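Visitor: Chains as they are written, first to last, in this note's numbering: chain U, 1 to 186; chain L, 1001 to 1186.
One or more hints might be untrue.
Where chain U lies over chain L, by a calculated footprint (3+ residues, C-beta under 8 Å) [what the hints assert, rightly or not]: (1) 1014-1021; (2) 1095-1107; (3) 1131-1145.
Pairs of lysine-lysine residues, derived as DSSO-like cross-links and limited to a Cα-Cα distance of at most 27 Å, are as follows [unchecked claim]: (4) U:Lys7 / L:Lys1080; (5) L:Lys1023 / U:Lys80; (6) L:Lys1026 / U:Lys177; (7) L:Lys1023 / U:Lys7; (8) L:Lys1177 / L:Lys1096; (9) U:Lys30 / L:Lys1096; (10) L:Lys1026 / U:Lys80; (11) U:Lys23 / L:Lys1177; (12) U:Lys30 / L:Lys1080; (13) U:Lys30 / L:Lys1177; (14) U:Lys96 / L:Lys1007.
Since the hints were derived computationally from the structure, they do not count as laboratory data.
In this text, all values refer to a predicted model and were calculated from it rather than measured experimentally.
Beta carbons are placed, not taken as given, at the ideal position from N, Cα and C, and that holds for glycine.
There are 2 protein chains.
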Amino acid sequence: MTDAHLKETRVDGETVYDGHFLKVQKDRVKLPDGSHSEREFIRHPGAVVILPVLDDGRILIERQYRYPNDRVFYEFPAGKIDPGEDHLECAKRELKEETGYTATEWKFVCTIHNAIAYSDEHLEIFLARGLIEGEAALDEGEFLETQVVTVDELLAWVREGQISDVKTVIGSFWLDKLRRGEWSLD
Amino acid sequence: MTDAHLKETRVDGETVYDGHFLKVQKDRVKLPDGSHSEREFIRHPGAVVILPVLDDGRILIERQYRYPNDRVFYEFPAGKIDPGEDHLECAKRELKEETGYTATEWKFVCTIHNAIAYSDEHLEIFLARGLIEGEAALDEGEFLETQVVTVDELLAWVREGQISDVKTVIGSFWLDKLRRGEWSLD
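Next comes chain U alone, as it looks inside the complex (with noise of 0.2 Å):
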């Protein structure tokens, strides 16, 4: 199906914005009924997320604190990527910068877009097993902690609300699709 009659054209733009961390867009679009607007933007490069799975089920998590909702949340291993890095490489980096785990499988689980109206960014999930564990080597300025938690408690804390994070959320879903041989990857 053609979208012309929901599809919004560029004019011209440019960054508003050029911080340590984040990269704001600002451009002139021309809309659908031929008017114009302005659309403002997050330049992100991508992250990975990586469900996490030991051999006896249980899957390991994080607790993050993060700033800009002043509290901690459980988190699955996460990291942005690198310029030009493979998605896969980048999981695997993320998984023993964070935790010192390595996995001898990794499966792609999907992608997710978390916040469209205002941000590129896009997650990669996998799914590793064959965990082996191993030194952490945390990024300057990073602080976290580890737990080892069941499936049946990440879908009580999703339904509760002790899980919120939208990565980690959808992981566990996903999680809990697997589990039920409802959903397989490959």
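Following the hints, position chain L against chain U.
Guide: Frame of chain U, contents of chain L only:
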């Protein structure tokens, strides 16, 4: 449990970009080890998301072009909370504006946080039943179309990646849990 070993404390900060839509805050913070760093993030008023269930069990969904990713997304109706606006009132307003529908039964589903690394945005998800058709009244510069789908279709599209918007992925998983009777509201 105390989270002093994870928590960051604000030293000072300022609004570094104050656009039409996006506001970027940059704060100097003290890290758990006493060192200092900077945190840049988007200040967002929060948003509501509506899961509109028709009397025959099918679901009302939207297709909307999103400029940052230059593509059309399947999405549940959603919109930003006005200053001081009650979340449920906002959900009723957005459902009516975007789709024309009103609903006789509303239930709170959950709160999600979609970009915890760089935004304080929270999304409040509501289920709407007892839907009554009416006239939509889109905001100026807003273009979208609605479509009616089954929960089976939603779940298949999540699994296959046609649905990747996080609020829509999470809403679809919740609809699956509710129709199975595994989870309930209230």
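Visitor: Are the hints correct? Go through all of them and say.
Guide: Hints, one by one, checked against the model:
Counting residues of the stretch 1014-1021 of chain L whose CB lies closer than 8 Å to any CB of chain U gives 5, which reaches the minimum of 3, so the coverage claim holds. Note: the stretch 1095-1107 of chain L has 0 residues with beta-carbon separation from chain U under 8 Å; the three-residue rule is not met and the coverage is violated. Only residues whose C-beta sits within less than 8 Å of a C-beta in chain U count toward coverage, and the stretch 1131-1145 of chain L has 4 of them, enough to reach three; the restraint holds. With a C-alpha separation of about 21 Å, the suggested pairing of Lys7 of chain U with Lys1080 of chain L holds against the 27 Å cut-off.
Of the supplied pair hints, the one linking Lys1023 of chain L and Lys80 of chain U holds, its CA atoms being roughly 22 Å apart against a limit of 27 Å. Between Lys1026 of chain L and Lys177 of chain U the alpha-carbon distance is near 40 Å, which puts this suggested pair outside the 27 Å criterion. A threshold of 27 Å between alpha carbons decides the hint, and for Lys1023 of chain L with Lys7 of chain U the separation of about 25 Å falls inside it, so the pair holds. Between the alpha carbons of Lys1177 of chain L and Lys1096 of chain L the distance comes to roughly 26 Å, so the proposed pair stays at or under 27 Å and holds.
Between the alpha carbons of Lys30 of chain U and Lys1096 of chain L the distance comes to roughly 26 Å, so the proposed pair stays at or under 27 Å and holds. Taking the CA atoms of Lys1026 of chain L and Lys80 of chain U, the gap is near 20 Å; set against the 27 Å cutoff, the hint holds. For the proposed pair Lys23 of chain U and Lys1177 of chain L, the alpha carbon gap of about 38 Å is over 27 Å, so the pair is violated. With a CA separation close to 23 Å, the supplied pair Lys30 of chain U and Lys1080 of chain L stays within the 27 Å bound.
Our distance criterion of 27 Å between C-alpha atoms is broken by Lys30 of chain U and Lys1177 of chain L, whose separation comes to about 41 Å. Between Lys96 of chain U and Lys1007 of chain L the CA atoms are separated by roughly 23 Å; this keeps the pair inside 27 Å, and the hint holds.
Figure legend: structure checked against the earlier numbered hints; hints not met, in rising order: 2, 6, 11 and 13.
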